[in-house]
Amino acid sequence: MIEAIGITKSFRTNSSEVVAVNDVNLEVKPGEFVLILGRSGSGKSTLLGMLAGLIRPTAGVVRIHGNEIGNLSEDKTAEVRAKEIGFVFQFSGLIPTITALENVMLPTLFYPDGPGSRSRAVELLRKVGLSEREDAYPSTLSSGEMKRVAIARALINGPPILIADEPTGDLDVDTEIEIMELFKSVNREGTTIIMVTHNPDLVPYANRIYGMVRGKLVKDPESFCIRTWKAEPGRPVEKE
Amino acid sequence: MRTSPEFGFFRLLVQNLANHPYRNIATIFAFAFIAATLFSSQYLMNGAQASLDKGMSRMGADILVVPEEYIAAGQTVILSGQPSSFFFENSNYEKISRIPGVAKASPQIYIATLFASCCAAPVQMIAIDPENDFTIATWLKQNPGVKLGKDDMIIGSAIVQNVGNNLFFYGHTFHVVGILEQTGMGVDNSVFIRFEDAYVMADESELKAVKKLTIPQGMVSSVLVKVDPGTSPAVVEREIQDQVPGTKTITPNGLLNTVSGQLGAVRRLLNGATLAVTIVSIPLLGFISAMVAHEQRKDFAILQALGATKAFVLRLMLAESFSIALIGGLIGIGSAAIFFVFFQDFIATSLKIPFIIPSPIAVLVDGSSALFLCAGIGGIASLYPAILINRSEPYETIRKGKS
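Chains as they are written, first to last, in this note's numbering: chain A, 1 to 240; chain B, 1 to 403.
Keep in mind that the hints were calculated from the coordinates and are not lab data. Ideal Cβ positions, reconstructed from N, Cα and C, are used throughout, including at glycine. Hints are supplied without guarantee of correctness; some may be wrong.
[To be verified] Quick look at which bits of chain A chain B covers, simulated, 3 or more residues with Cβ under 8 Å:
hint, region
1, 49-55
2, 67-80
3, 99-107
[Unchecked claim] Calculated lysine-lysine pairs in the DSS-like style (CA-CA distance at most 30 Å, straight line):
hint, chain 1, residue 1, chain 2, residue 2
4, A, K83, B, K310
5, B, K400, A, K216
6, A, K29, A, K216
Please work from the sequences and hints to get the whole structure.
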């Protein structure tokens, strides 16, 4: 289970303080698929960063399976990330100097006692439909293929939680559907997924939907105009 | 089908290095330059020191007495073997022999040769009295134990001839019976004959040689002195200067000081060059490292997001930096070593320093210290980027650097 209690993140600029995430409370139970919708700059990626222990909250606490990650040392936080969380970035986030297979195996370096192995990496690449591309370097992969490698990589250590930051942001509609189906199948196998997106078309894939508006998490989708989005796909938020 | 090698830290390191060839080549070149400069400097200095040590012990005498006005020429004969001729009265030899504390004294006559068939340049010919001499026989590398007989010659290691060959000087034929060990000093370019043969050669030269050789009767060029065990050479040296006016003494220590002075200038030059290269390189390499860190910061942040500790990222950065430094260092040392194989004698001659190849241990120490310096500079140069990475928020870096 992942739990955020009153987390806030503010950044100081030259003249003022910007509150990116403002007093957010969130509880995600095992096996859930949580979608957080919001427009650019709403604070949803910062929220994800805090949930993954990559950004320290200015206030509040984040607990992963009961462990308050703010109290952990940096090394321990890194260990939690390696064991408990798989990360899929908006862009592919693949290391360009190593092959697809090696990219999938990368997290095993940080959790050597985990379930990750070369054979598991091969199996995961097969699962995402890239068994023929394991020796390909990222520069030779399409956007969709890169994303699928990134998903395989996120799953290599068998994490109970998958965090995805706009994973379909740069994909065409067909590839977006393929990727979302992949997420759905991973979720069906028991992996908890927390995903942020600005695309309301992805709502059907999730069990629970939140909105992110000016750093606040909004529980009622109606209040941030999901219907408006769905009526006019791709149109930016006009009212909140 | 799988062709990827085993994946781990090393593979990640190698791939990171292999994928930035131009940047790495530039950095490796800088390290190679530093290592080559330092190694060359150390190698030359050690070679000079080794030559000096060997030459001093090779000199075999505690004191060399020469005419007062030819002290510089005497030193040159010992250090470089540059041909020279000078004389003083043989009676000085007799006076020196009688001075208390003198255990052995052996006169020598220096004869500057013409160009000879054996050699590319004129060599220093030294006539000795084999019965009295205590400086040559023990240093024979080939044919040890041989004594100079009629028309026999012992040659220095730089004279490229073999035992059994005949050599011609001033129209006189000499038979090579022994070759001395290399010292890196003047003796390497010298040949040794008997007094008697020197006089015969001089007599014959008017008819046989293009230029007449004159060796004044009753004159010698120098006297080598061995002091009694337990007697201070300094005391005997003072006695010689008091009792034999018109002479000057050269001692191994004095010679060492003279050469050290010469070496000091070379040492300062080489050390200055190393220091300058190092001072220029550190900010340059620091700048390159910072550029690299900037270029790779997104990748490092991704590693952290995937569970890498900051220590892992730091280790990867330092491993890259050290690898480049060591590769550069090895290339620099290797290049300098190859260069020295072909040009060390030329360089030593140009710098006017005695030189022999230092011992393998000394060469190893020279190489290690050059590598150590490179690794140190590599470490220092990667400090700033390491701090930069350490301070950054990985997720912010990933988002800013998204592609």
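How the hints compare with the structure:
1. 49-55: Answer holds; 4 residues pass the 8 Å Cβ test.
2. 67-80: Holds: 4 residues of the region 67-80 of chain A have a Cβ under 8 Å from chain B.
3. 99-107: Our answer is that it holds, as 6 residues pass the Cβ test (under 8 Å) against chain B, meeting three.
4. K83/A - K310/B: holds (16 Å)
5. K400/B - K216/A: Distance of about 22 Å is within 30 Å: holds.
6. K29/A - K216/A: Judged against 30 Å, a Cα distance of about 20 Å means the pair holds.
Figure legend: structure checked against the earlier numbered hints; every hint is met.
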